[in-house]
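*Asks:* Residues per chain, in single letters:
There are 2 protein chains.
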Amino acid sequence: MPRVTIKEIARRAGVSQGAVSYALNNQPGVSEATRARVLKVAEELEWVPNRAARQLSAARSETFGLVLARTAETLTEEPFYMGFVGGVESVLSQKSYALALQVVADLDEELATYRKWSAERRVDGVIVVDLRVADPRIPLLRKLGLPAVLVADPELSDGMPCVWTDGTAAMNAALDHVASLGHRVVARVAGPPEYGDVWIRDRAYATAGRRLGLDVRVVHTDFSADEGAAATRDLLAAANRPTAIIYDNDLMAVAGLAVVHGLGSRSPEDVTLVAWDDSTLCRITHPRLTAMSHNIIGYGAEVTNRLLDLLNGARPQAHLYSTPLLIVRDSSGPPPV
Amino acid sequence: MPRVTIKEIARRAGVSQGAVSYALNNQPGVSEATRARVLKVAEELEWVPNRAARQLSAARSETFGLVLARTAETLTEEPFYMGFVGGVESVLSQKSYALALQVVADLDEELATYRKWSAERRVDGVIVVDLRVADPRIPLLRKLGLPAVLVADPELSDGMPCVWTDGTAAMNAALDHVASLGHRVVARVAGPPEYGDVWIRDRAYATAGRRLGLDVRVVHTDFSADEGAAATRDLLAAANRPTAIIYDNDLMAVAGLAVVHGLGSRSPEDVTLVAWDDSTLCRITHPRLTAMSHNIIGYGAEVTNRLLDLLNGARPQAHLYSTPLLIVRDSSGPPPV
Chain A
1 MPRVTIKEIA
11 RRAGVSQGAV
21 SYALNNQPGV
31 SEATRARVLK
41 VAEELEWVPN
51 RAARQLSAAR
61 SETFGLVLAR
71 TAETLTEEPF
81 YMGFVGGVES
91 VLSQKSYALA
101 LQVVADLDEE
111 LATYRKWSAE
121 RRVDGVIVVD
131 LRVADPRIPL
141 LRKLGLPAVL
151 VADPELSDGM
161 PCVWTDGTAA
171 MNAALDHVAS
181 LGHRVVARVA
191 GPPEYGDVWI
201 RDRAYATAGR
211 RLGLDVRVVH
221 TDFSADEGAA
231 ATRDLLAAAN
241 RPTAIIYDND
251 LMAVAGLAVV
261 HGLGSRSPED
271 VTLVAWDDST
281 LCRITHPRLT
291 AMSHNIIGYG
301 AEVTNRLLDL
311 LNGARPQAHL
321 YSTPLLIVRD
331 SSGPPPV
Chain B
1 MPRVTIKEIA
11 RRAGVSQGAV
21 SYALNNQPGV
31 SEATRARVLK
41 VAEELEWVPN
51 RAARQLSAAR
61 SETFGLVLAR
71 TAETLTEEPF
81 YMGFVGGVES
91 VLSQKSYALA
101 LQVVADLDEE
111 LATYRKWSAE
121 RRVDGVIVVD
131 LRVADPRIPL
141 LRKLGLPAVL
151 VADPELSDGM
161 PCVWTDGTAA
171 MNAALDHVAS
181 LGHRVVARVA
191 GPPEYGDVWI
201 RDRAYATAGR
211 RLGLDVRVVH
221 TDFSADEGAA
231 ATRDLLAAAN
241 RPTAIIYDND
251 LMAVAGLAVV
261 HGLGSRSPED
271 VTLVAWDDST
281 LCRITHPRLT
291 AMSHNIIGYG
301 AEVTNRLLDL
311 LNGARPQAHL
321 YSTPLLIVRD
331 SSGPPPV
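In the order they appear, the protein sequences are chains A and B.
With UniProt numbering applied, the first sequence corresponds to residues 1 to 337, in that order.
With UniProt numbering applied, the second sequence corresponds to residues 1 to 337, in that order.
Some hints here could point you the wrong way.
Given that identical chains are not distinguished, each listed pair holds provided it fits within a single copy or across any two copies.
Stated by the list, open to error - Each computed SDA-like pair below joins lysine to any residue, with the alpha-carbon atoms no more than 20 Å apart: (1) 95 <-> 122; (2) 116 <-> 32; (3) 40 <-> 116; (4) 116 <-> 210; (5) 116 <-> 62; (6) 7 <-> 43.
FYI, nobody ran anything at the bench for these hints, they're computed from the structure.
Start from the sequences, fold in the hints, and give me the full structure.
*Replies:* Structure follows, in structure tokens:
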């Protein structure tokens, strides 16, 4: 594609190249009629400012990077990521920044991606999700000097800039809710324990269970619908079965509800179900699911704004984005008598 | 971050710069012991080939672009996109290509994104989704000379390279299925009629309905769970209500099932439900949903491979990726007597 030049616009508009430059840069020195004519010609020719040239001098890629170390299957199932990406994009598109998205198999590939991006100066900074306990990405990002904002509790971020939601307060609210309904035997279908968010919820769940004098149990899964369904089936088949189940994501809660129905049981009459994240899924089941709700799109936007601030010289710090809010719906009720 | 140089690796490995170059480029001229030592030092120093320099000469960005003109809310709800992006990524990550993803409000912003990407040479090519009837993106992409593969039926692509699934055959299979169960009054909860895929399904649905002698009706929606639920409610409240409903996506089918349950009705005893796309959602409801199934991850991968082929000089053409396959599950049954 031939580039549209100032010279070509000047020729077509019948004015000098200087006049075109004034008009396009919105500077005084040309009449309004000339400015209008130049802008019209520029638009017809699909003219765009030569940002590539500006970029070379500014040494900025105007691109943020996001690596997701999950299988394509998990990403398809899990509503969280697309919402988060949508939130990131809602900020970047305003700034004319691009998002480089890379889906990789595991953390090793994620580390390799950061090395490559850094060496090739492909991104100005990265957003890091799914923090692990003692996450190996933190020392690498420090070594590379690659600006980063972690989506993680400050307990996990080792002093790196981070944006977080208060998982401990949320778990307290979830257990207070089921205890206040009268439930004494409660289970949680959790994500993998090596994920930092799950680790924080594990601790909060045990602590709140003791505080409330509940019989609490946990089954760890890989966050998938299949494992969520299997865990629910096992829990409901056990002696002294739980009358309330808290899930670490939406998808497993929806799968758990189907297991309840498949057993000929009902929610909330036989079992109270509480989901996490509160995507649309929780509102399109029957009964609609009680959930710990947070604004995932807003969360993605917040993280992106903090990374922009960081690149503009802001002091690295931890930002509490929100505390998830309990939304009580039809799947909550007292335990069966 | 200081760049790691050949000189620094040579110094640390205690060999000449020439030897480092031979070792790193996997050329003869150094012993295996030297090669191993050089590679070890290079790895310790986080050395990566200077692709940025190679890129400038090759004038390739090694980036593909994908614009999604949907709200962040819709993207969160709709499992299709994340699966498609996962499939695109599964190919790009093998090739060390990046994906530039942009979420925009509407087609005008999408057109502006292509202009910008083209002018700034940010992407080598683009993948275009959600084709409209007489889509304005086609003439723009031609004018810009930006390589593109459309995710669209050849009827919609105006001769541009495209990858498609056979919506007409799929709709025939869906209607044959419900007719063979004995249903005579059938409804379809469809997407927006300006979408090319919906337009093709609209035509196939009307034709197959006439062929089978069915009473067929259509309600167009915006693909959202809310409108899918509202359409289901209206259809089931009507006189001569349908005994089978076909949905244009999964999300609306799940929302429709909740409406059926909310009315105290059951599927398939009172109404047969057929979903489209067959994401995980269809397998985690109770009853599990019959669906037109296609491999969305594989579809994303196929489109990406065709765009790579195009950049490598392949002749532009239309590729039939697949015909969606009917997966019969528990939500299918004969009409109530």
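*Asks:* For residue 7 and residue 43, with the copy left unspecified, which applies at a CA distance of at most 20 Å: within, between, both, or neither?
*Replies:* Only inside one copy: residue 7 and residue 43 sit 15 Å apart there, 49 Å across copies, limit 20 Å.
*Asks:* Tell me, please, which holds for residue 116 and residue 32 at an alpha-carbon limit of 20 Å: within, between, both or neither?
*Replies:* For residue 116 and residue 32, the Cα distance exceeds 20 Å both inside one copy (48 Å) and across copies (26 Å).
*Asks:* Please work out whether the CA atoms of residue 95 and residue 122 approach to 20 Å or closer within one copy, between two copies, in both situations, or in neither?
*Replies:* both (17 Å within a copy, 16 Å between copies)
*Asks:* Can you give me the call for residue 116 and residue 62, within, between, both or neither, at a CA distance of at most 20 Å?
*Replies:* both (17 Å within a copy, 13 Å between copies)
*Asks:* Up to 20 Å between alpha-carbons, please classify residue 40 paired with residue 116: within, between, both or neither.
*Replies:* between (42 Å within a copy, 17 Å between copies)
*Asks:* For the identical chains here, do residue 116 and residue 210 meet the 20 Å Cα criterion within one copy, between copies, both, or neither?
*Replies:* Classified as neither; 47 Å inside a copy, 58 Å across copies.
In summary, the structure is inconsistent with hints 2 and 4 from the numbered list given earlier, while agreeing with the others.
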